[in-house]
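Chemist: Chain by chain, the residues run as shown.
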Amino acid sequence: MKLTHLLATAAVALGMATSAFAEDKTKVGFVYVGPVGDGGWTYEHNKGRLAVEAEFGDKVETVFVESVPEGADAERVMTQMALQGADLIFTTSFGYMDPTINVAKKFPDVKFEHATGYKTAENVSVYSARFYEGRAIQGHIAGNMTESNIIGYIGSFPIPEVIRGINSAFIHARKVNPDVEFKIVWAYTWFDPAKEADAAKVLIEQGADVILQHTDSTAPLAAAAAAGNVVGFGQASDMAEFKDGPRVSSIIDDWAPYYIARTKAVMDGTWETMSTWDGIGAGMVGIGEITDKVPANVKAEALAMKAALADGSYHAFTGPINKQDGSAWLAEGETADDGTLAGMNFYVEGIEGEIPQ
Amino acid sequence: MFKLEKRPQPSKAFAYLTPILAIIATMIAGGLLFMALGKNPFEAIRTIFWDPLFGEFAFYYRPQLLVKGGPLILIAIGLSLGFRAGIWNIGAEGQYIVGAICGAGVGLAFYPMEAWYIFPLMITAGAFGGWAWAMIPALLKVKFQTNEILVSLMLVYVAEQLLASMSLGLLKNPDGHGFPGSRNLKDYPSAFNDEIITGSGMHWGVLTAFIAVIFAYILLNRHMLGFSIRLTGEAPRAAKFSSVNPTRLILFCLGMSGALAGLAGMFEVSGPAGQISIDFNTGYGFTAIIVAFLGRLHPVGILFAGLLMALTYIGGEIAQANLGLPAAAIQLFQGMLLFFLLAVDLLTNYSIKRVKTEAL
Amino acid sequence: MDLSAINPALLIASLLVAATPILLAGIGELVVERAGVLNLGVEGMMITGAICGFMATIITGSPALGFVFAAIGGAALSFLFALLTQYALANQVASGLALTLFGLGLSSLLGQDYVGLKPPSTPKLDIPILSDLPFLGTVLFNHDAIVYLGIALVAAVWATLKYTRVGLVLRAVGENHDAAHALGYKVVRIRVLAIMFGGACAGLGGAYISLIRVPQWTEGMTAGAGWIALALVVFASWKPWRVLLGAWLFGGVTVLQLNLQAAGVAIPVEYLSMSPYIITILVLVIMSADKSRAPASLGRIFHASS
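Protein chains in written order, with the UniProt record's numbering: chain A, 1 to 357; chain B, 1 to 360; chain C, 1 to 306.
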């Protein structure tokens, strides 16, 4: 008997038979790429899960597995969850893309939500956040606050999402400060406090007095605090413990509204596959409290930009913008389309250095 | 008073008994650990050891044992040959990665052409890649007496960086929207390492692992080279006086373990994993070292040890999902297993004798 | 590309900081290996020290106490290794690897509730005139106490091994344990003490990473530093001052490659990241050609058969 057939039959049988939990409970599974205590990416996804539990109480039951490597192990964990009766599974890392599609094929009645991916199916949705909107605000504040005109950027991997962030921050920093320059260091990790601390220290030593990071730990902020007069931003979570020190604002991943909405859709039977890319407006990207270290007028401008981004009246990538080689990209007033943004693999004019290949 | 006395011959009875004793001791200690974490120890042990084999979804988990255990067994067989002769290849993880890169690279070079000879070519490339990577410490040891433990280990880190470079550069999927990672080999039939019997979990890598077990058994027990290996390990001075050529041995052992590790990497990337990505390697090269010791460096022992290790992994995942057991607990569990085995191994080589203290 | 952005004084200062964890672990392992024991479990001991030190600092609020507990934690873990190899006569390579695995798992488990916390900071030295010197001030006089401890430890180990009786006995045990036993020295006891010293040093090195260098706790944060320390000992041909040099070299390459990246040098990042490891291999090869060899009894199991 083909395994797929067997699995599907088992799942159906389970769905019909009395299972370990009450008939009317919706079971939601979460697959995490890192530990729940990482204080960043996975931590926020887990907060989303807890919000789902808080919202629906007894009607829902959640399970999660953390630190699941991408590849065959991820496929097994997802299959496990589906076999145990999950109705909705969130897979929270880009690298889970192919495993999600594979498992979704075997369990057509289970819904899957894949974060930051691009492959969908009848029972697979993708979702991501427009972090670049948050970067625009960060760039604005950074450009204003830097005194050395050197801003350090700790990149994780040279993928479109990170390039978008760098570009967005740079555009807005340059707008308020034409002399500003970015120094970019690639850590080749999403989360490695030691490497991030080293990267931050090096950037600070080379003159940066503002640090932007696309890696998830608080280590760069700690390095900024140790250096004394360096400013930084929280990444993925608020990192509020550094409020008295270097952290002037932050980008917060807030998955709760989306997770609650999708769980409700499964419970109501209205779930459909879709591709979601939400920003500040929909509540997916939160901006952490801007501290008083930031001058009042800058803070006001930043908040105004936030409101404009939220209601759609301003797009972070609005022309005129040229590519790094000088060729024209966006004309005056023209905004970037989602397609180009999704696959962004070029720097904008003014950024020095090359994207590592 | 108790005294340890070296046995003239290692005890055969204890050689079979020690793994079982170690497993029981680990279950007890593990149970205590789980209790300290607030979980029901019996339920935890049952979830880890019993459920994957005989539980509700065992029809799914049993084949997964082969999927997870296959690469472990394959690598461990290669390692055991060297370990027996005192040649310590700690860099199997690096050889695994390089084998995967070479195998996948060859396969992707042919894309989208379909032909029967692509997969065999990939196998050759994978074995060659692993062999070549292991030759570095081998040649350095032969020529300069450089410690192979450290060189092979440093090369693991180099290989990891190479993997990142390949995922982002040479092997990056052109249709991948700029994201790192190669094309998925599951979508490329000529290169896909499929299950030989659908639903059994047995892909070509698993089959190769079984063949390797048989091959190693014959080598060690029937072939002159195998005899040399065993001799060098058990009686190094005698080996020096006999016709054992240490250079040949080093090159063979390291080369063989590198090739097998490279094969494991290649089968894994073209099968269960599917693509070359930055996080492709999951520590099989290091876990295989534990498997080799658990299997007492004996081919058949390694077969069982590999399956046991796979069981702890899969059972551990179930325990994480169902009981909320932290992933770190499983790692600790595996470390304990090895500790107990090493401790209990004492009884194989030494017997405990009661000694009456003599009156002075 | 702007190489002038790299500040040599800061570079060397960072190098000293980067070198300290592996220096501490390395000098400890040197003592262990001079006594004839090969302990591959340095990584496990370092990370155990990292979490013990971190937990102690968070709970007591004092980094100094943290380092003390880190040393105790590392020594305690190494005692398991000592039991296995000296009393249960197990294979040293396998035991060391088991120790690494066990240490990694234990530290992850202990550290579950401590991820992401911020420890109290360790003060840096601030000598009135010396610390303000333009170049030397930054390089030599602005570090925290542990950096100086590391260098002092190297000096202490060198002096002990070379000039004291204790050192002589340790070396004798490492060169020929049967002869040492025949002479009446307690081989097992000396080795156990050496192993525990090595564990304590490794623990200090690990705590340096979690308390000062990062400072934070994460699973597996030592990221291979223990293995580098092992390489250092071989690199140093088992001579204490050479461990210092090796640590500086390795720390230096690590720090330099990040600086080169930030300065915009066009070498691909992955190759820069590989460089410390490749350079270690090259140096190992060169050093293997050196006439000094390992202690003759290194790795061999000792069993008094009298």
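Hints may be right or wrong, so weigh each one.
Facing chain B, according to a computed beta carbon distance under 8 Å, are these residues of chain C, among others [to be verified]:
#1 A90
#2 L109
#3 Y163
#4 T164
#5 V166
#6 G224
#7 L230
#8 V265
#9 P268
#10 E270
Hints are computed from structural coordinates only; laboratory data are not their basis.
C-beta: ideal position from N, C-alpha, C; glycine also.
Chemist: State for each hint whether it applies.
Modeler: Do the hints match the structure? See the list:
{"no.": "1", "hint": "A90", "result": "4 Å, holds"}
{"no.": "2", "hint": "L109", "result": "4 Å, holds"}
{"no.": "3", "hint": "Y163", "result": "29 Å, violated"}
{"no.": "4", "hint": "T164", "result": "29 Å, violated"}
{"no.": "5", "hint": "V166", "result": "27 Å, violated"}
{"no.": "6", "hint": "G224", "result": "6 Å, holds"}
{"no.": "7", "hint": "L230", "result": "6 Å, holds"}
{"no.": "8", "hint": "V265", "result": "16 Å, violated"}
{"no.": "9", "hint": "P268", "result": "7 Å, holds"}
{"no.": "10", "hint": "E270", "result": "4 Å, holds"}
The structure shown violates the earlier hints numbered 3, 4, 5, 8.
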